[in-house]
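Let the hints inform the model, and build the full structure from the sequences given.
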Amino acid sequence: MNSVIETAGLRKAFGSKVAVDDLTLTVGRGEVFGFLGPNGAGKTTSMKMLLGLVTPTAGVGQVLGAPLGDVKARAKMGFLPEHFRFQDWLSGREFLRFHGRLYGLAGGVLTRRIEELLERVDLLDAADRPLRGYSKGMLQRIGLAQALLNQPDLVFLDEPTSGLDPLGRFLVRDIIVALREQGASVFVNSHLLSEVEVTCDRVAFVKRGCVVREMALAEQAGDVTVELKLGHVDAALLAGLAQFGRDVRQVDGLVRLTASDEATLPDIARWLVAQGVSIYRLAADHKSLEELFLEVMGEDERPG
Amino acid sequence: MRGILTVAHLTLHEVKGRKVALAALILGVAFLVVFGVGLYFVYRDMIGGGLGFTPSRAQQNVGLSFLVMAGLYAVNFLMVMMAVLMPVDTLAGDIRSGVIQTLVTKPVRRASIVLGKWLGFWVVLALYLVMMAGGVMLIAWAIAGFEVQNAPAGLALMLLEGTLLMTLSILGGTRLSTLATGVMVFGLYGLAFIGGWLEQLGAVLGNVTTQNFGIIASLIVPSEALWQLASYVMQPPLIREVSITPFSVVSVPSTGMLVWALVYTLGALLLALRQFGKRDL
Ligand SMILES: Nc1ncnc2c1ncn2[C@@H]1O[C@H](COP(=O)(O)OP(=O)(O)O)[C@@H](O)[C@H]1O
Ligand SMILES: [Mg+2]
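Chains W and H are the protein sequences, given in the same order. Each residue of the first sequence is one higher than the one before, counting from 0 in numbering that gives the first Met the number 0. Each residue of the second sequence is one higher than the one before, counting from 0 in numbering that gives the first Met the number 0.
Heads up, some of the hints might be wrong.
FRET-style restraints, in silico, Cβ to Cβ [said to hold, decoys possible]:
id : chain 1 : residue 1 : chain 2 : residue 2 : range
1  : H       : 130       : W       : 127       : 25 to 35 angstroms
2  : W       : 127       : H       : 32        : 46 to 56 angstroms
3  : H       : 12        : W       : 209       : 41 to 51 angstroms
4  : H       : 265       : W       : 127       : 53 to 63 angstroms
5  : W       : 56        : H       : 32        : 56 to 66 angstroms
6  : H       : 32        : W       : 12        : 58 to 68 angstroms
Straight-line C-alpha distance at most 16 angstroms; calculated EDC-like pairs for lysine to aspartate or glutamate [to be verified]:
id : chain 1 : residue 1 : chain 2 : residue 2
7  : H       : 15        : W       : 69
8  : H       : 18        : H       : 88
9  : H       : 15        : W       : 87
10 : H       : 277       : W       : 69
11 : W       : 16        : H       : 279
Covered by chain H, according to a simulated footprint, are these stretches of chain W (three or more residues, beta-carbon under 8 angstroms) [unchecked claim]:
id : segment
12 : 30-38
13 : 51-62
14 : 108-119
These are computed hints drawn from the structure, not numbers from a lab. Ideal Cβ positions, reconstructed from N, Cα and C, are used throughout, including at glycine.
In structure tokens, the structure reads:
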């Protein structure tokens, strides 16, 4: 079996409010999967169904080869909730110890694992202070450590960087990368696209409870935006550039066009030189996830 | 089992960490000190001729029994408060805050989480009752040489009363908010309380309708019936019928009521497991 998550037609309605309409997706073993969409799209509800926190209204699914909600399979899963709140009368170390015991860990193995993780999330010096004195970023880091106690095969992270400063975000990114290197799979909900872009192998865009597009991030190598700063621009030149790509336009004294392949760049340069136009700048940019997101979500999507 | 014990341990930590244990301990000790000092002076008057005459030992025992039962009645009330308030927020609060989410996604059954919390609070409740009721009995014995009869049976009945209300409080938290749970359980307790009095009053006045009305209330919530049973077994026959007090028992709750209370508690616990097991979190 090469997938860690497989669902078909998962649906969740709270009364008449449909939170998730039709969730059909597959996440492969060892994959970092980004689940992207605006607020209210149904990301958290989807994750909760996968974790057995919420019972689907319809549909079926398997996680780590077991049906949704299976208790034993959870031994190999980790989860950091979106609105994390923990037992704030416990110290960081006690918190990890209790959660480790719930995973069935004990003794020296657990102690070593706790110390390792405290160091990993940079909380060794705060480990004996009660959680009620932790900042939001510290809580998120201890929550992250909690999700990794059992060396999980599959980690669910719901908006893992939303409360963090840039350093905290780097840490989360490093942890995701390290998890992938160890062969673990990661399912991450996010609306912070720039974070996801650098870590995910594959993403799915959700809109009003439906997956509207799924793609491997490597696939998007295709489209590049070419930006040019030229000595002289006229209509004839713009028309000529159209042979290299679509959407030729002039913005703030720059010329932009969308080419289908990076290989066109040298051709553009050669052609411009042949036309006797001076080139002050020639840059190529992949379409950012953010642009893709807007494109996929369409004009009708208003801020949630 | 591992899950139940871990959650029970976590619950003990919660009781400690939220300073519940400390508050209960300090106030409990204060209560016992007041009770002891009061009893000491009353007893000194009793045997020192301060009453104008020196009562016989049998007469002394009537007075002492009254005082000890008054002490236990107050303890019973404090224990009821503990039983309802201690766990009232444990599920509802954890669900609302989201604390529950990292617990229920561990490889532990949801039922184990409820049972673990139940067990943790039950241990605290039992310790509290033993400390308080045991304290009252010990003080009476040390100061006046008075021995409460059937103390273990009486304590067990009081503990069952507390367990029943505690379980109702946990059950409420699986569905309702903290506030609604508190209102519901105290409302039921009040119903049982009034029912218990109606039953006794009906028996004294020979009014069967009133008495039956009280018994029905006790069937809805058998908590007060358990207190009456406890106070019945802990008093000598002569004393418990002399007058109408919160601990005089004219109409004795039946063994059937005891069995019903046990079934009731177990039923409430099973319902709590079921409700929590299937709800969205
Ligand atoms: N328990 C609930 N009861 C009613 N509506 C809910 C509940 N949970 C989520 N919703 C609704 O379902 C939709 C999806 O929510 P959610 O899954 O939290 O979205 P996201 O995580 O993508 O922001 C939202 O419109 C939200 O209001
Ligand atoms: Mg969300």
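Verification of the supplied hints:
no.	hint	in the structure
1	130/H <-> 127/W: 25 to 35 angstroms	holds, 30 angstroms
2	127/W <-> 32/H: 46 to 56 angstroms	violated, 36 angstroms
3	12/H <-> 209/W: 41 to 51 angstroms	holds, 44 angstroms
4	265/H <-> 127/W: 53 to 63 angstroms	violated, 41 angstroms
5	56/W <-> 32/H: 56 to 66 angstroms	holds, 59 angstroms
6	32/H <-> 12/W: 58 to 68 angstroms	holds, 59 angstroms
7	15/H <-> 69/W	violated, 33 angstroms
8	18/H <-> 88/H	holds, 14 angstroms
9	15/H <-> 87/W	holds, 12 angstroms
10	277/H <-> 69/W	holds, 13 angstroms
11	16/W <-> 279/H	holds, 15 angstroms
12	30-38	violated (count 0)
13	51-62	holds (count 4)
14	108-119	violated (count 0)
Going through the hint list in order, the structure does not satisfy hints 2, 4, 7, 12 and 14.
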